[in-house]
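Now for the letters of each chain:
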Amino acid sequence: MGGGLLSGIPYTPEQALLTMAMAGVLIVVAVALMRMKRLGTEKEYLYALLKGGVQIFLLALFLTYIFSSPYWYLLIWILLIGMVLVAGRTSAKRASGMPDAGSVTTPAILTGSVVVIVVLALSGAMPMSPQFIIPLSGMVFGNSMTICSLTSERFLREIRLGKDRVESALSLGIPSEIAMDEFGKQAIKAAIMPTIDRLKTLGIIFIPGAMTGLIMAGTDPLVAAEYQMIIYFMITGGGMITAALTIYLMRKKVFTKAEQLAEWV
Amino acid sequence: MNPSDIHIGLKGVKKSYGKKEILRGIDLTVRRGEILSLVGPSGSGKSTLLRCINRLIDIDSGEIRVDGKDIRKIDPVELRRRVVLMPQNSVMFPGTVMENVMTPLKIAGIEGEKRVVNALRDSGVPEELFHRDAEKLSGGEKKRVALARAIALRPEALLLDEPTAGVDPKKVELIERSILDMVKKRRLTVIWVTHDTEQALRVGNRIASIKDGKVVKVGKKDGFEWEGVY
Numbered sequence: 001m002g003g004g005l006l007s008g009i010p011y012t013p014e015q016a017l018l019t020m021a022m023a024g025v026l027i028v029v030a031v032a033l034m035r036m037k038r039l040g041t042e043k044e045y046l047y048a049l050l051k052g053g054v055q056i057f058l059l060a061l062f063l064t065y066i067f068s069s070p071y072w073y074l075l076i077w078i079l080l081i082g083m084v085l086v087a088g089r090t091s092a093k094r095a096s097g098m099p100d101a102g103s104v105t106t107p108a109i110l111t112g113s114v115v116v117i118v119v120l121a122l123s124g125a126m127p128m129s130p131q132f133i134i135p136l137s138g139m140v141f142g143n144s145m146t147i148c149s150l151t152s153e154r155f156l157r158e159i160r161l162g163k164d165r166v167e168s169a170l171s172l173g174i175p176s177e178i179a180m181d182e183f184g185k186q187a188i189k190a191a192i193m194p195t196i197d198r199l200k201t202l203g204i205i206f207i208p209g210a211m212t213g214l215i216m217a218g219t220d221p222l223v224a225a226e227y228q229m230i231i232y233f234m235i236t237g238g239g240m241i242t243a244a245l246t247i248y249l250m251r252k253k254v255f256t257k258a259e260q261l262a263e264w265v
Numbered sequence: 001m002n003p004s005d006i007h008i009g010l011k012g013v014k015k016s017y018g019k020k021e022i023l024r025g026i027d028l029t030v031r032r033g034e035i036l037s038l039v040g041p042s043g044s045g046k047s048t049l050l051r052c053i054n055r056l057i058d059i060d061s062g063e064i065r066v067d068g069k070d071i072r073k074i075d076p077v078e079l080r081r082r083v084v085l086m087p088q089n090s091v092m093f094p095g096t097v098m099e100n101v102m103t104p105l106k107i108a109g110i111e112g113e114k115r116v117v118n119a120l121r122d123s124g125v126p127e128e129l130f131h132r133d134a135e136k137l138s139g140g141e142k143k144r145v146a147l148a149r150a151i152a153l154r155p156e157a158l159l160l161d162e163p164t165a166g167v168d169p170k171k172v173e174l175i176e177r178s179i180l181d182m183v184k185k186r187r188l189t190v191i192w193v194t195h196d197t198e199q200a201l202r203v204g205n206r207i208a209s210i211k212d213g214k215v216v217k218v219g220k221k222d223g224f225e226w227e228g229v230y
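So the sequence lines, in the order shown, correspond to chains A and B.
The first sequence begins at 1 in the numbering used here and counts up by one.
The second sequence begins at 1 in the numbering used here and counts up by one.
Since the hints were made in silico from the structure, they are not lab data.
Computed from a prediction, not measured in an experiment: that's the story for all the values here.
Yeah, the Cβ is synthetic: ideal placement off N, Cα and C, and Gly gets one too.
Be a bit skeptical, because a hint or two may be false.
[What the hints assert, rightly or not] These stretches of chain B come out as covered by chain A in the derived footprint (C-beta under 8 Å, 3 or more residues):
1. 55-68
2. 76-84
3. 104-115
4. 148-158
Please put together the full structure from these sequences, using the hints given.
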């Protein structure tokens, strides 16, 4: 590869390694500043760099293998299932105290993500090749995971703070679904507002990741912008499905069948 | 006592939170249309008992019957509209005083501004407060709105958890009077939890005292022996 618009980017791992080493001067700058300011974060920073670096290189090796494997369509299934399970487990940790939280977070993330992936595939926005399926799915699962974590954490916090109000409503024969409605809305809002705010400032304060990548890879900026918008449709659409489903499934955990607040709340 | 006179009956009711036993075998009956004052020291299990009757929490063993029917066999939403709990902490819903009283009715599928206005008047809420933000009312005013919210549902029974706690002492009697007038007018069965022995005597037909999760004494207010209650 190489040449044309892409000639400025190193296209062999050796060239890239050299470029990376030179850019590594920024690590020295960061560590020096941390020391000067006595932040005490140098070790953690270097450890994070090392850990993140190893992870990303392992991923690169894995992707290289998948891209060239004739069995990529099988391997992708394993990868996607792994992504859902890890995302569900990570998100479950945010729902503090909720028993079997994974039975809420995993299906919520899975449903939101699957709907998006199917729409992307059917609309042709995601060509059926591993180069597209893996990064886009990763983005979808990652986004759904964040939304699910934010929703469940906020919902539990609101319910715990508003316990008296919920019980006052229940004691008057108001069904749990209505008694918790306001808290559910607040949680969904809090989870999706950062995305909506990012949408509003799109192109003014920052150029989003996918568009940056596409422009750097030589894509027409207009096409890059169109693709970026598709990504935002998928993030907001999938995020809303995940958030709504998180609240729906959490209600069955937070309240008992007898319309009582569960003891663990 | 004729069994049909018993409105609320509790038999061997036990409830624990973790290892802590809160109710340790409560036996109690409340007659239709009577006011039973429930007294006892803090932490004796009075509030927990009301929460069990309203089924905000489930009991571990024993049984609670309303009109002879085990409450576990009654739809909890229906039960709570029939036997309404007024918690000690009168939390207002967002909105005006009228909306606070209207909301549970609307959800129950009942329309009727007149019913709301009557409930508010019977509870002693002055008309100038009807359209005020309920969350900005004083403690005593909130208690009255909470009472109106409860009675607007036209329940059979009221479970009052310290309905005058935290109210300006000068206004305690006013609230008591509103409740008593309304209870008489609507022929309600009432369990009135209080830690104030004088109030228990003023409002109740009978008095029951609980201590450490057990009923210590039950009797008519005239000649009720207070020894050992606290």
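Hints versus structure:
| no. | hint | verdict |
| --- | --- | --- |
| 1 | 55-68 | holds (count 4) |
| 2 | 76-84 | holds (count 7) |
| 3 | 104-115 | holds (count 3) |
| 4 | 148-158 | holds (count 3) |
When the structure is compared with the earlier hints, no violation turns up for any of them.
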